[in-house]
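**Student:** Below, each chain spelled out in residue letters.
2 protein chains.
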Amino acid sequence: MVRKSQHKQTTFEIISVGNELLIGKVVNTNASWLAKRITEIGGFVRRITDVRDDLSEISSAVKEALKRGTKWIITSGGLGPTFDDMTLSGVAKAVKRPLKLNKRAYQMIFEKYKEMFERGILKSLDITPERRKMAELPTGAIPLQNRVGTAPGVLIKFGRQRIACLPGVPAELIDIFENELLPIIQKSIKRTYMVERVLIVKDVIESALAPVIKEVMSRHPTIYIKSHPKGRESGASIIELHLTTTTSSPEKIEKEMEQAVQELREKVAALGGMAEQ
Amino acid sequence: MVRKSQHKQTTFEIISVGNELLIGKVVNTNASWLAKRITEIGGFVRRITDVRDDLSEISSAVKEALKRGTKWIITSGGLGPTFDDMTLSGVAKAVKRPLKLNKRAYQMIFEKYKEMFERGILKSLDITPERRKMAELPTGAIPLQNRVGTAPGVLIKFGRQRIACLPGVPAELIDIFENELLPIIQKSIKRTYMVERVLIVKDVIESALAPVIKEVMSRHPTIYIKSHPKGRESGASIIELHLTTTTSSPEKIEKEMEQAVQELREKVAALGGMAEQ
Numbered sequence: 158m159v160r161k162s163q164h165k166q167t168t169f170e171i172i173s174v175g176n177e178l179l180i181g182k183v184v185n186t187n188a189s190w191l192a193k194r195i196t197e198i199g200g201f202v203r204r205i206t207d208v209r210d211d212l213s214e215i216s217s218a219v220k221e222a223l224k225r226g227t228k229w230i231i232t233s234g235g236l237g238p239t240f241d242d243m244t245l246s247g248v249a250k251a252v253k254r255p256l257k258l259n260k261r262a263y264q265m266i267f268e269k270y271k272e273m274f275e276r277g278i279l280k281s282l283d284i285t286p287e288r289r290k291m292a293e294l295p296t297g298a299i300p301l302q303n304r305v306g307t308a309p310g311v312l313i314k315f316g317r318q319r320i321a322c323l324p325g326v327p328a329e330l331i332d333i334f335e336n337e338l339l340p341i342i343q344k345s346i347k348r349t350y351m352v353e354r355v356l357i358v359k360d361v362i363e364s365a366l367a368p369v370i371k372e373v374m375s376r377h378p379t380i381y382i383k384s385h386p387k388g389r390e391s392g393a394s395i396i397e398l399h400l401t402t403t404t405s406s407p408e409k410i411e412k413e414m415e416q417a418v419q420e421l422r423e424k425v426a427a428l429g430g431m432a433e434q
Numbered sequence: 158m159v160r161k162s163q164h165k166q167t168t169f170e171i172i173s174v175g176n177e178l179l180i181g182k183v184v185n186t187n188a189s190w191l192a193k194r195i196t197e198i199g200g201f202v203r204r205i206t207d208v209r210d211d212l213s214e215i216s217s218a219v220k221e222a223l224k225r226g227t228k229w230i231i232t233s234g235g236l237g238p239t240f241d242d243m244t245l246s247g248v249a250k251a252v253k254r255p256l257k258l259n260k261r262a263y264q265m266i267f268e269k270y271k272e273m274f275e276r277g278i279l280k281s282l283d284i285t286p287e288r289r290k291m292a293e294l295p296t297g298a299i300p301l302q303n304r305v306g307t308a309p310g311v312l313i314k315f316g317r318q319r320i321a322c323l324p325g326v327p328a329e330l331i332d333i334f335e336n337e338l339l340p341i342i343q344k345s346i347k348r349t350y351m352v353e354r355v356l357i358v359k360d361v362i363e364s365a366l367a368p369v370i371k372e373v374m375s376r377h378p379t380i381y382i383k384s385h386p387k388g389r390e391s392g393a394s395i396i397e398l399h400l401t402t403t404t405s406s407p408e409k410i411e412k413e414m415e416q417a418v419q420e421l422r423e424k425v426a427a428l429g430g431m432a433e434q
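Sequence lines, in order, name chains A and B.
Numbers 158 to 434, taken from my numbering, label the letters of the first sequence in order.
Numbers 158 to 434, taken from my numbering, label the letters of the second sequence in order.
What the hints contain is simulated information worked out from the structure, not anything from laboratory work.
One or more hints might be untrue.
Pairs involving identical chains hold if they fit within one copy or between any two copies, as the list cannot separate such chains.
Said to hold, decoys possible - Pairs of lysine to any residue residues, derived as SDA-like cross-links and limited to a Cα-Cα distance of at most 25 Å, are as follows:
1. LYS224 - LEU212
2. LYS257 - PRO368
3. LYS314 - LEU339
4. LYS280 - GLN264
5. LYS383 - THR186
6. LYS387 - ARG304
Bound-form chain A, shown alone (with noise of 0.2 Å):
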């Protein structure tokens, strides 16, 4: 039922860590901002992993990640100077390739804190192990500048497979993936384009609608139909259906997104519902 045409896409996972998510304290809006920007440029986000602020949880869902194949592995959180900021052990550990002291990030690190020094927020320009602890990365990895915070990210080569992994600070992570992973991300992925469209069906309950989308799925294969609903199927009916396909020329593919959106139409109207664009 799912459209093969999802496993021609270049493959992301992204992987967040910080108790912070564990225990519900903070929403991760970076994976969604994350799957969301991978979306539009053409990958397909297949899995969104949180763990805990520890070595061997980020590790291992590191390792399953690789080990399933996927293309790109983005991580969030866990680059700062704190004992528990330990990313970059954990990738170090599933790739199995020391910490070592990078120069260029070191550089990068050293240049924040002597800005801060020079504007007399910081006392003594001391690069302590905390803040030289941000430069040590797994050894071949490339350093991604970070124009907002002080930790850069990190880029990996691991075969063919990518690990990019981003501060946990929302602006910073954007501030990387927009200026400093993007590039890089479309060099290396095939150029798709997701096309998609908004119907807003009133009452027709879910149960009464499946049928109606699988049909019109079965006619056009390459779209995907998802129901939302908004309302209780109890109550007053309303679904959101949201019909997307991915494709490399998106304008061959405006017509029959027409064309399903008009079947859908006449459908609901036939079951005594309204849907609106």
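Based on the hints, put chain B in the right spot on chain A.
**Tutor:** Leaving out everything else, chain B in the frame of chain A:
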């Protein structure tokens, strides 16, 4: 460094099912809500996994959680009437039990549609294959009543492990968790409580605070202190310190918490900063 006491707690994993999560259309608030509630009642959420509406992905995620020895696996989403609601098929595959019509689940669903029929929302009281599907549970499973929507929740016993499947609509998930699942969970887990404090630190950057956190934690090994940078390291620095501990007797720990907070305040002041509760 991580508190060993964590492993004394009952372990939980959350598996959220739905393409909408993996394309970044929806932020996973179900997982954070569940994680918060489970933490409040003394459970330890080890991992959160989001997978697509894909039979083999769902089944793999459940199998992996079972293999890790996690006591309680809670899934959200994929219980509805559409073709791509396949959580129960995935769980059935993972535990190697066939799906079978469950009489109690069928009765629950029938009552819902009967009520809709009587209120004029449904034109005929026809239990179509799509509606019947919601009552097809892995053999031996127990349906959990859904007071808000149609699809019942599902509880499966697998040796000493438990799998609970909840709907993806937040109001339905909350209803079943609070009214049906919580009393069962509370019977099965050790009673522990989380005690927490929040301290806002101003004018000390995270890398300067890191050794302070380490020192205070070494003096109070039962207390976990996590720093969350709120301002930017290179701008005005605001850091939230979150102190937590899990205990079976919350009264005893209060004094130690106060001591740890006091020590942090003194050390922050010595660094020229301010710490407020």
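**Student:** Work down the list of hints and note, for each, if the structure agrees.
**Tutor:** Here is what the structure says about each hint:
no. : hint            : verdict
1   : LYS224 - LEU212 : both (18 Å within a copy, 19 Å between copies)
2   : LYS257 - PRO368 : between (58 Å within a copy, 21 Å between copies)
3   : LYS314 - LEU339 : within (15 Å within a copy, 45 Å between copies)
4   : LYS280 - GLN264 : within (19 Å within a copy, 71 Å between copies)
5   : LYS383 - THR186 : both (22 Å within a copy, 19 Å between copies)
6   : LYS387 - ARG304 : between (40 Å within a copy, 16 Å between copies)
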